[in-house]
Amino acid sequence: MGGVTATRPDERVTAVVISHQRRDELAGSLERLEALPEQPPVLVVDNGSTDGTAAMVGHRFPGVGLLTPGRNLGGTGRNLGVAAARSPYVAFCDDDTWWAPGAMRRAADLLDAHPRVAVVTGRIVVEPTGSDDPICADLRSSPVERPDDLPGPALISFLAGASMVRRSAFLAAGGFDRRVFLGGEEELLASDLLAAGWAIVHATDVEVHHCASAARDPHLRRRQGIRNTLWFTWLRRPLPSAARRTVALLRRLPPDRVSVLGVADAVRGAGWVVRERRPVPPEVERMYAAVDRVQFDSGARRYVS
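Quick note: to get our numbering, add 5 to the position in the sequence shown (first position is 1).
Just so you know, the hints here were simulated from the structure itself, not pulled from any lab data. It cannot be assumed that every hint is accurate.
[Unchecked claim] Derived Cβ-Cβ restraints for the label pairs, each shown as a range: (1) Ser136 - Pro42: 46 to 54 Å; (2) Gly75 - Cys216: 26 to 34 Å; (3) Asp114 - Pro74: 31 to 39 Å; (4) Glu36 - Val279: 41 to 49 Å; (5) Arg13 - Ser173: 20 to 28 Å; (6) Asp210 - Gly63: 30 to 38 Å; (7) Pro156 - Pro243: 39 to 47 Å; (8) Leu225 - Pro139: 17 to 25 Å.
Using N, Cα and C, we set each Cβ at its ideal position, and we do this for glycine too.
Could you put together the complete structure from these sequences and hints?
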């Protein structure tokens, strides 16, 4: 990307980082955040780490705000960071992701210029290869109709670790649901934003880097992703669409123990789903219908470990 990157602080943006048991990776992410020309205030939500994460932040990064809920809140930990932020926009960051210099300023400029946009999701660069994440192709070619007032492809969801949110819209929608925890936790929040009239867009010139941590349980993450996909489907999709999407998902799942556990977890939450079910309005359902076939055919979203 060309041009000169401004070095003045950007008071429009706060960076919110969630972390759990990844002290050393978090330190690398914070070093990169502190070196950004935007010089954003940084808030770390330590999700109940026992590896000395909080002590490391306090010692090595005294200018970073530290929130310690005392337990692992998963993606809901971001809610604490957004509530504590005082800027109009919040750039989410995981402990294995970091924003490129100038990317936060570009995302904030888009939010300034387009008041209907609630979330800007950037281009994800996979490290150490420097290649685009496979999901970038899906983001660029989103089949959702793009209104004239949007600055990029319209999306039906977003990737939190590579996105900037409008704080007021996030808070009004209630943030991430605590039951969903992690694994596609953005989908439910995104549907509520869209139903309220907000838009979610992809910006190819907003660059975020991701070096996937080895300190994760891929089986647990897949199990949670299956559960959350089924929950979202029955919480927000009209009955015919929910049934079709469920059949498509079940056919696509590998026939293994992790898949069975994910489906069983979803079934155990059926009572909550019935109580909280609130299908999206027709105009939003049309957006989902446009994406359904493409999403399940995509190689970027796989329910395999």
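Checked hints:
1. Ser136 - Pro42: 46 to 54 Å: violated (25 Å)
2. Gly75 - Cys216: 26 to 34 Å: holds (28 Å)
3. Asp114 - Pro74: 31 to 39 Å: Holds - the Cβ-Cβ distance for Asp114 and Pro74, about 33 Å, lies within 31 to 39 Å.
4. Glu36 - Val279: 41 to 49 Å: holds (47 Å)
5. Arg13 - Ser173: 20 to 28 Å: At roughly 24 Å between Cβ atoms, Ser173 and Arg13 fall inside 20 to 28 Å, so the hint holds.
6. Asp210 - Gly63: 30 to 38 Å: holds (35 Å)
7. Pro156 - Pro243: 39 to 47 Å: For Pro243 against Pro156, whose Cβ atoms are near 30 Å apart, the range 39 to 47 Å is violated.
8. Leu225 - Pro139: 17 to 25 Å: holds (22 Å)
Checked against the numbered hints given earlier, the structure breaks hints 1, 7 and satisfies all the rest.
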